[in-house]
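With the hints as a guide, dock the two chains, each given alone in a separate frame, to form the complex.
As they're listed, the protein sequences go chains R and X. Here the first sequence is numbered in our numbering, starting from 41 and rising by one per residue. Here the second sequence is numbered in our numbering, starting from 586 and rising by one per residue.
Heads up, a few of these hints could be off.
[Claimed, not checked] In silico SDA-like links for lysine to any residue, alpha-carbon gap of 25 Å or less: (1) R/K227 to R/P131; (2) R/K227 to X/G854; (3) R/K133 to X/L637; (4) R/K244 to X/T682; (5) R/K227 to X/Y684; (6) R/K288 to R/G88; (7) R/K227 to X/L875; (8) R/K244 to X/G901; (9) R/K227 to X/H819; (10) R/K323 to X/M717; (11) R/K227 to X/H772; (12) R/K244 to X/A723.
[As the list claims (entries may be wrong)] Facing chain R, from chain X, some residues (calculated, C-beta under 7 Å): (13) P628; (14) F672; (15) T680.
What the hints contain is simulated information worked out from the structure, not anything from laboratory work. Computed from a prediction, not measured in an experiment: that's the story for all the values here. No residue lacks a Cβ here, since even glycine has one placed at the ideal position from N, Cα and C.
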Amino acid sequence: MKTENQKAWFFVLPVLALVAFNALIPMMTVVNYSVQETFGDNVFFWQGLDWFQQILRSDRFHAALGRQFMFTFLILIIEVPLGIAIALSMPRKGFWVPVCLVLMALPMLIPWNVVGAMWNIFTLPDIGLLGYFLNHVLGISYDMTQDPVAAWVTIVTMDVWHWTSLVVLLSYAGLVSIPDAYYQAAKIDGASNWAVFRFIQLPKMKTVLTIAILLRFMDSFNIYTEPFVLTGGGPGNSTTLLSIDLVKIALGQFDLGPAAAMSLIYFAITLLVSWLFYTLMTKDDLN
Amino acid sequence: MAKITLSKLRHSYLSTPKSDSDYALKEIDLDWTDGGAYALLGPSGCGKSTLLNIISGLLVPSEGQILFDGNDVTALPPDQRNIAQVFQFPVIYDTMTVYDNLAFPLRNRGRDEATVHKRVMAIAEMLEVTEMLEQKAAGLSPDNKQKISMGRGLVREDVNVVMFDEPLTVIDPHLKWKLRSKLKELHQRVKATMIYVTHDQTEALTFADQVVVMQLGEVVQIGTPVELFERPAHTFVGHFIGSPGMNILPCELQHGAAVFAGQQIALEGPIRGAADGQTEIGIRPEFVSLADHGLPATVTKVSDIGRHTVVECEAGGCRINAVTEGAAPERGSAVHLAFRQDMTRLYVDGWLATAPANATGEQGAA
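Pulled out of the complex, with its shape left as it was, chain X reads as follows (with noise of 0.2 Å):
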């Protein structure tokens, strides 16, 4: 088990490469702590198995180093860093029985047999695999093939961390909540550093206390799920957590208050720096309401995704969500959009520019 730190890590497929976008990893700062539950989220090509590779050694990055506990290990091959890997394909080894799939990365460490035994018996009892030990690996379901690759990582005693990429893929739908709420567990006993890769925001939310949303080879924000969700640092994040993603709507700057189709729209707090660039408003659905006055919209779609209603609006040439409860109105209908203030943010290209209004701050009407 480690702290894992990176620092200044860049990679490049090229051998040469020449501007930014050579890059499929930009610049790197990253610090993980000993035990913790991480994720990688982003779209598929944003580099995050690009970035899982170079922390589990299959991958030498261009620049940069990656450092378990401070000692440096960017120049060392996988199986001497000491990691675990799961794929997104359940690699098992399909001629041995459960029980030798096990075995074999302690095998091949020359643990003696008596270690092994009591090793895999352990891990076979966590991973509710008991009763299959004797049986041949070729032979099992999708599900339990992945428990036992996963198994082949937590048997060694002594990883400094498991990494999954996309593990859940091939799974069953209804497996996938069970095999997730396992893995959860699993950390929780095992107490390894976990990076767990994945495009699927909830798989993501629900393992990780800290998210790192990676987009075009870069980081955009880490946090904690409910950070990410309350206070997305990047429009992208704003996008791509939350069902529907955040309302973005571009808007202009007057006197330093937010103007969106000749209304004023009120935010949290005041905006930081020089707001010179593309600005938008950021609100994320569930924070829109219907009101009797505020910005006039039209109705273009009403959704009913079970305990809510999700009614789509128009205004101002834009699509506007907003998450509601109770009687819906008809498609077509006009009526005004209110904002919660303290969750209107401002961004300026992309990025957040609003702070938080100071604790005794006016909390202004919408």
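Just chain R, with the same shape it has in the complex (with noise of 0.2 Å):
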């Protein structure tokens, strides 16, 4: 008969060790901190869900959340339907795949913070060669410190230009995938280019799409870095997303209980999405 041990959870450990001590334990401090007061010296007073009560309630976070919902909205409208578009004009095969491909990388190898810089003197409005083109050649008023709309215009127009690529790598790679005896049968069965798109191209490319648009979700709606080095979330708070307020709260205001509750808020609306979302596009393959 054969012996059960345990032992194979010795091999988990190690994992389980690095995850406790990059995840688990930072997350527990912000529990910590999410329902205790504390005037510093390390003495805190219990304050239950009263910091939770507060962010729910507050008119900031609500535009807050408005705001990144609606960053969120935009580039996913924008960068899933283009990126589509160009993995479907690229080459299947030849010379310039690798090209494309590469071409195609470029903007996603640039670190965050270069790329906020970038636009942010790209758009500058005397110097800047989008910015003084706009301005002094077309002759458009275009100035993203002062106007909100160009400041959003910009915010989007970085998020798209620096991220489409990935919806574009991977819609690729779920094309490349469809073996040529589907066109063929497509072109015998007399199918026109949108059919051939919705019922072969489509549907190949659904599982990867997913992934592009799951992990498109989760990185516009923690996004922090480029709009913050960017427009520093203004003029006024009008490009405040989400992460950028939570850090105001917590550096700028130094309020480490609100703070710690909203990011718990704010982790919970990320996983809850998430979650929704996979589970809706999965649902058909599971039965």
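Structure, rendered in structure tokens:
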């Protein structure tokens, strides 16, 4: 008879320790702060769920959350169709494939803060290439440090520039995995280009697109560095996304309790939306 | 339904083919009659799929013409040729139901729903998939998926030709047989011209009335399964068809007679043309028997393949297979091999060079 032993757990221990140190313990500290009040000197007072109530009822949080959803919605609605369109028009074989792939990967290789700084300089009205061109050549008044609309256009454009490639590369991977026979059969069946897209390409891309949208949702929902470097959340509060607001509360005002409560709520929202989306998208595959 | 004519067809995947070897398909002239069942048989890379894609219009040939009922269709795209093709891997539209899959080619051509319904129901009944019509096609088993992709070809009432590109590759062995007989039955019911591409001789020989054997981009023989078996036009056909394949023995010609390992071997009939070149004797293992006298040989291996025994012998440095029934000699024993004369052929440079003795011809003893 086979004897059961529990030795396998020892193999999991190192990973468990690692995860504990870089995720669980920091997170428990946050939980700790979120239910207490401190005035320094390591003196804590029990606060219960007061901070959570305060955050959930605050207009400031609602506004930042609204901006956050707006931002994520805008970049998804642009990046996903654009990414698919670019992937569809990329060559499937030949010399230009690696060229296209490298060109596509380039923006993703640039660090976040550099992207922010690049676009900051790029859009300066008097010396930036784009800013100067818009203001002095086309005569369009454009200054993102003054105009909230311009600020929004800039952060959205910047994200599209930085991250559409991810959708492109994943969609492309899905596209090249479709055997030629599908296209040949569609041709013989007299299918239109739209039908080929709708019934062959889109279904075959579904899995990778799900991953792409999930990644883009999580990344954009947690975005911090790029808009912070670019606009600093301004003008006013117009581009203060959740993460920027969170850092302002935590490090600017040093309200550690409310900031901790807010990060937990923030985390819960990200988790919930990701889970909902993934469950809905994959529910067909299960049965 | 149509008669298909291939005229002086050649194809190269290179833009500027220089020598003969640059052609994936060497010059082909063929006539396929309306309603026939044909098979293209050959090893991987022999050009059979290239030929199929040229007929379906997925590939435009470098030279030559394809005619359907005398009309040149060489430049027409696949959807205007009215052909159907079933691929190696079942192609189905995952997100659609089985019904919608079958209806797809008709709806794309703008048929009204009443016609679509009638045709889909008829085809579904023919393929025995009626009870799965409402199911999502993605969940079907490979053999049912392949049936659906066949159905999409047959659902159009006016198809000129239905082509099968190794359609049973991904099907489980026990279902292969079922699907194969289904195909044969379908051919008898729909009366469409069908072309079946395969490297499996059993599939080709059971499906087709006429088999086209290809090698290295060339058609080596066209014939009925019986013709291919009894009178291979080329040693390649002898090899490729039959299990085990034909025995090919290098021989010398002396005064118009074939000599192998010092023994004169009686041929079926006179040798045609000037037999200068590499000469070989070809005889199927089925027509080699163990006898009291004849070609001396040593038994090297005996394999029982069920109804028969394959006795592998060695004579004159060559391996000779004999298919026998009943008690087989032991390994290492010395035997004599007799060749049935009317089945003993001579090949010059690979091509058949003997003609059968005329009807009144003498039947010499082997």
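Hint-by-hint comparison with the structure:
1. R/K227 to R/P131: Judged against 25 Å, a Cα distance of about 19 Å means the pair holds.
2. R/K227 to X/G854: violated (52 Å)
3. R/K133 to X/L637: The given pair, whose Cα atoms are some 23 Å apart, holds under the 25 Å limit.
4. R/K244 to X/T682: holds (16 Å)
5. R/K227 to X/Y684: Distance of about 19 Å is within 25 Å: holds.
6. R/K288 to R/G88: Distance of about 23 Å is within 25 Å: holds.
7. R/K227 to X/L875: Distance of about 57 Å is beyond 25 Å: violated.
8. R/K244 to X/G901: violated (60 Å)
9. R/K227 to X/H819: Answer violated: R/K227 to X/H819 is near 38 Å, above 25 Å.
10. R/K323 to X/M717: Status holds; Cα separation ~22 Å.
11. R/K227 to X/H772: Holds, at roughly 23 Å.
12. R/K244 to X/A723: The given pair, whose Cα atoms are some 12 Å apart, holds under the 25 Å limit.
13. P628: Interface hint status for X/P628: violated (21 Å vs cutoff 7 Å).
14. F672: With a closest approach of 4 Å, the X/F672 hint holds.
15. T680: holds (5 Å)
The earlier numbered hints that this structure contradicts are 2, 7, 8, 9, 13.
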